[in-house]
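Q: Chains as they are written, first to last, in numbering that gives the first Met the number 0: chain B, 0 to 294; chain D, 0 to 310; chain U, 0 to 327.
FYI, nobody ran anything at the bench for these hints, they're computed from the structure. Cβ coordinates follow ideal geometry from the N, Cα and C atoms, glycine included. Check before you lean on any hint, since a few could be wrong.
Ranges of calculated distance between the beta carbons of each label pair, as one might list FRET restraints [what the hints assert, rightly or not]: (1) U:D199 - B:S212: 39 to 45 Å; (2) B:A19 - D:S252: 38 to 44 Å; (3) B:E184 - D:A9: 26 to 32 Å; (4) U:R88 - B:A19: 18 to 24 Å; (5) D:A285 - B:L81: 44 to 50 Å; (6) D:V135 - U:A86: 57 to 63 Å; (7) U:R307 - B:S212: 43 to 49 Å.
Covered stretches of chain B (in silico footprint by chain D; criterion: 3 or more residues with CB under 8 Å from a CB of chain D, positions within the stretch not fixed) [to be verified]: (8) 66 to 72; (9) 119 to 129; (10) 187 to 200; (11) 249 to 257.
Listed below are the residues making up each chain.
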Amino acid sequence: MTTIPDDSGSVFTAKNRAAAFFQSWPPGILLALAWLAMCALLVAFAPHVAPYDYLAMDLRARLTPPVFFGGDWAHPLGTDELGRDVLSRLITSVRISLVIAFLSTLIAATLGVSLGFLAAWFRGRVEQVVLMLIDAQAAMPFMIIALAMLAFLGNSLPLLVILMGFYGWERIARIARGLAIAASEQGYATAVRDLGATPWRIYGRHILPNIASTLIVSMTLNFPEVILLESGLSFLGLGVQPPMTSLGNMVGYGRDYIQSAPWIMLAPAAAIVLTTLSISMIGDWLRDRFDPTLR
Amino acid sequence: MTRYFLSRLARAFVTVVLIVSAAFIVLRLSGDPAITILGPEAPPEAYAAFRAAWGLDQPLWNQYLRYFGAVAQGDLGTSMRDGRAALDVVLERVPDTLRITLPALLLNLAIGIPAGIWAALHRNTLIDRAIMTVSVMGFTVPSFVMGLVLALVFAVRLRWLPSGGSDTALHAVLPILTMGLIGAAVIARFTRSAMLETLGQPYIRTASAKGLLWHQVVIRHALPNAAIPTLTIIGFMVGSLVAGAVVVESIFSWPGVGRLLVTAVANRDLAVVQVILLLIGFTMVAANLLVDMAYGWVDPRLRSGHAAKPA
Amino acid sequence: MTALLSVRGLKRHYPVRRPGGLFGRPATLKAVDGLDFDIPAGRTLGLVGESGCGKSTTARLVLGLVPPSAGEVRFDGGLVTAKHDAAWRRQRRRMQMVYQDPLGALDRRMPVAEQIGEPIAIHEPGLPAAERAERVAELMAQVGLGASMAQRYPHELSGGQRQRVVIARALALDPALLVCDEPVSALDVSIQAQVLNLLDDLRARTGFAALFISHDLKVVRQMSDRVAVMYLGRIVEEGAPEEVFHAPLHPYTQALVSAIPVPGRRRERIVLEGDPPNPVDVPAGCPFHPRCPVATARCTREVPRLERDAGRAVACHLVTAPAAHAAE
Chain B
0 MTTIPDDSGS VFTAKNRAAA FFQSWPPGIL LALAWLAMCA LLVAFAPHVA PYDYLAMDLR
60 ARLTPPVFFG GDWAHPLGTD ELGRDVLSRL ITSVRISLVI AFLSTLIAAT LGVSLGFLAA
120 WFRGRVEQVV LMLIDAQAAM PFMIIALAML AFLGNSLPLL VILMGFYGWE RIARIARGLA
180 IAASEQGYAT AVRDLGATPW RIYGRHILPN IASTLIVSMT LNFPEVILLE SGLSFLGLGV
240 QPPMTSLGNM VGYGRDYIQS APWIMLAPAA AIVLTTLSIS MIGDWLRDRF DPTLR
Chain D
0 MTRYFLSRLA RAFVTVVLIV SAAFIVLRLS GDPAITILGP EAPPEAYAAF RAAWGLDQPL
60 WNQYLRYFGA VAQGDLGTSM RDGRAALDVV LERVPDTLRI TLPALLLNLA IGIPAGIWAA
120 LHRNTLIDRA IMTVSVMGFT VPSFVMGLVL ALVFAVRLRW LPSGGSDTAL HAVLPILTMG
180 LIGAAVIARF TRSAMLETLG QPYIRTASAK GLLWHQVVIR HALPNAAIPT LTIIGFMVGS
240 LVAGAVVVES IFSWPGVGRL LVTAVANRDL AVVQVILLLI GFTMVAANLL VDMAYGWVDP
300 RLRSGHAAKP A
Chain U
0 MTALLSVRGL KRHYPVRRPG GLFGRPATLK AVDGLDFDIP AGRTLGLVGE SGCGKSTTAR
60 LVLGLVPPSA GEVRFDGGLV TAKHDAAWRR QRRRMQMVYQ DPLGALDRRM PVAEQIGEPI
120 AIHEPGLPAA ERAERVAELM AQVGLGASMA QRYPHELSGG QRQRVVIARA LALDPALLVC
180 DEPVSALDVS IQAQVLNLLD DLRARTGFAA LFISHDLKVV RQMSDRVAVM YLGRIVEEGA
240 PEEVFHAPLH PYTQALVSAI PVPGRRRERI VLEGDPPNPV DVPAGCPFHP RCPVATARCT
300 REVPRLERDA GRAVACHLVT APAAHAAE
């Protein structure tokens with residue numbers, strides 16, 4: 000059997016190309032990336048994108064339902080009990096929640112990597128102390144620790160960010176320690192140490208770049224959990240304080256109008272679920288793609 | 000075996016000491032303990048009596064030891080709200096919290112484990128995909144969203160169930176359902192991966208190659224081995240149930256420890272917060288200890304004394 | 000004349016447990032068990048022996064990477080310790096190592112030029128980047144790496160090129176001593192000669208002293224001014240390469256030499272009997288006696304001393320005057 004390659008082959012290759020494309024970029028991942036790209040744009044340009052100021056009240060248009068549910072395009076997602084535009088508040092909330100989660104994840108990663116590296120470099124007693132801290136942190140539900148700290152230390156935005164920064168450091172520390180110990184037993188780290196390099200150089204310039212991909216994946220998996228934690232605290236009225244707004248905060252205040260105006264609560268709730276779902280999916284996908292060793 | 004249990008017991012003890020120490024440190028960090036515990040508007044003689052009673056004039060090390068003594072005797076200050084002993088205020092709320100968390104835990108296991116096993120045995124079929132898609136929600140839908148959506152559907156729209164309070168048994172349904180469904184999703188996902196890992200082991204292939212019926216293989220070989228990692232997640236579940244109770248009790252106005260914690264934090268009723276913190280800490284230690292014990296009982300390698308540490 | 004490197008009574012013992020789980024009897028692994036040798040400036044000592052005889056441990060001891068259990072290493076008069084302090088760091092400038100596995104010894108996430116320049120960056124942090132780049136370029140030219148290789152990553156190079164990178168990095172600070180631990184055993188035979196010639200050329204040009212470690216007699220012979228043969232943590236024979244290879248005195252050396260194929264000439268091959276050496280169970284008396292074809296009763300009781308005589312040294316009860324024997 001011989002087949003003559005003619006231009007009908009191009010149909011196959013186009014099809015194959017599409018199949019190969021979706022093989023490496025599943026549609027779910029593309030949607031997740033698209034949602035996150037939109038969120039990133041909102042974070043960057045929130046004040047320019049939002050149709051209204053998120054604090055602007057319009058008392059004549061209180062509790063307007065969203066468009067298609069009896070409302071109009073003036074307020075696509077309706078308004079809340081003070082006549083504030085839900086879409087504008089949502090955009091600002093996404094911005095605040097994501098920035099908090101990002102800063103906190105950065106703190107957790109810095110803390111985790113530093114302690115993990117300390118344990119790996121010194122071993123012995125320092126390592127035992129770090130491991131004990133990791134166990135202690137993992138033993139207590141973080142929500143409870145966060146609530147207690149807020150009670151004892153009072154509430155402010157910087158404190159909230161730092162507090163969230165203690166979430167998940169223990170997992171990153173555990174991973175960083177394991178990877179650093181494995182890496183420092185490899186030839187390249189030994190060779191650099193034999194050259195007389197300081198621990199800063201060995202860990203900062205050699206081991207860190209070598210294990211960065213795994214660390215980034217575990218940070219990606221930490222990120223949505225921080226969003227959930229912050230929105231939970233804000234929902235309870237103990238996180239971000241008004242007049243500032245965050246996703247959890249919006250759900251918390253919208254809950255009083257669950258009967259008359261459920262959209263106030265449903266819009267930010269959907270935003271939370273979509274965002275955490277997207278980041279988790281991308282995190283899992285990155286892990287499967289780049290780092291099958293992680294769990 | 001004994002050595003394993005003793006080492007777990009010692010670790011639990013160290014963790015308890017750590018928790019109490021952490022509470023002590025945080026208490027000292029937050030300012031004058033007299034004001035912290037008694038509140039800012041107590042009469043001056045009360046402060047003096049408090050300082051003498053707690054030995055705040057003594058060196059720090061001494062105070063630290065006294066603090067342990069006080070914790071051991073349950074002497075943990077009074078609530079700022081109504082002046083009653085903080086321990087009593089908290090303890091009377093415990094039964095209400097157990098009334099929803101224990102059924103929720105049972106629901107977690109009753110749905111999560113069969114669903115996870117079912118998904119693993121039908122890997123990559125439509126059933127598996129469906130179960131896993133639903134279970135992803137457990138990780139991404141926060142409990143307050145889940146609770147509010149359930150309330151919206153069953154209380155506001157359908158009017159089948161009450162949306163808040165604790166007067167009847169029906170009032171407990173939505174809180175239990177909220178916590179039960181979310182936890183079930185987590186357990187299903189975990190059980191599935193534990194089961195898949197077990198099914199991939201050479202001894203499973205050997206057992207089925209021996210001619211055992213597939214369901215016999217699953218029941219006699221796969222399930223007991225998959226149970227071991229699943230046990231560890233139960234210890235973790237207790238922690239997330241406690242955290243979930245805080246949110247869920249607030250949504251449904253359920254008068255348990257979780258809601259008490261939220262109001263105490265909002266009012267900065269620190270004595271009550273401290274008692275709850277210690278109580279939850281001890282609960283977590285006890286839960287993890289129980290899981291470790293069960294672990295030792297299920298895993299014969301630990302029974303014989305040597306071999307791998309559980310992850 | 001004082002030697003650049005002088006090693007006296009050097010020992011390195013590791014506590015180990017015999018098989019039998021947690022309750023195995025503790026024992027001592029004598030990786031290195033009493034070494035004495037000198038390396039004058041600009042000279043090369045070749046260290047040869049089977050795997051497990053303590054060659055690599057010796058390399059790490061000499062460089063102060065592991066602390067000795069007993070004895071001392073002096074480099075240029077100063078004591079070499081394994082304490083990672085300022086003095087230790089300063090010594091790094093003057094003593095460097097070439098590793099067996101070049102791919103493992105290089106960071107796969109860093110361009111090779113940057114890795115070659117790393118010792119300079121570590122020890123001369125004040126040097127402007129441009130000057131450092133210039134020196135790296137010179138080093139690369141010296142080891143025969145084209146400038147086009149500079150921005151490549153280790154996995155993009157061949158095995159021989161990688162070892163050239165490792166050598167360039169070791170020479171970056173113009174060290175007085177280079178320790179080469181099996182530098183060519185991971186390379187293809189065709190590449191080995193190139194790398195050995197390169198090392199020889201570089202030594203002639205820059206005049207570093209070297210401790211050259213290999214299990215391969217031919218390689219050691221080509222590279223060394225003196226040769227020491229190690230067996231179970233000790234030197235059993237030492238001398239000029241030609242003498243050791245043409246007139247080996249110790250039965251172990253004789254067996255090693257007889258195993259080298261010589262083209263065009265059939266030679267009696269001495270095949271060693273018995274178990275391969277285990278440094279945990281060092282036999283009493285001469286460590287070599289269980290495998291020695293000419294062992295006597297005395298060999299099972301008394302440890303032979305390394306007798307020095309006119310440039311030769313042998314540790315064997317059957318050889319009394321090494322120089323006289325060699326002259327026979």
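Q: Against each hint, give a clear statement of whether it holds in the structure.
A: Structure-based check of each hint:
no. : hint                        : verdict
1   : U:D199 - B:S212: 39 to 45 Å : 41 Å, holds
2   : B:A19 - D:S252: 38 to 44 Å  : 55 Å, violated
3   : B:E184 - D:A9: 26 to 32 Å   : 30 Å, holds
4   : U:R88 - B:A19: 18 to 24 Å   : 53 Å, violated
5   : D:A285 - B:L81: 44 to 50 Å  : 47 Å, holds
6   : D:V135 - U:A86: 57 to 63 Å  : 58 Å, holds
7   : U:R307 - B:S212: 43 to 49 Å : 57 Å, violated
8   : 66 to 72                    : violated (count 0)
9   : 119 to 129                  : violated (count 0)
10  : 187 to 200                  : violated (count 0)
11  : 249 to 257                  : holds (count 4)
Hints 2, 4, 7, 8, 9 and 10 from the earlier list are contradicted by this structure; the remaining hints agree with it.
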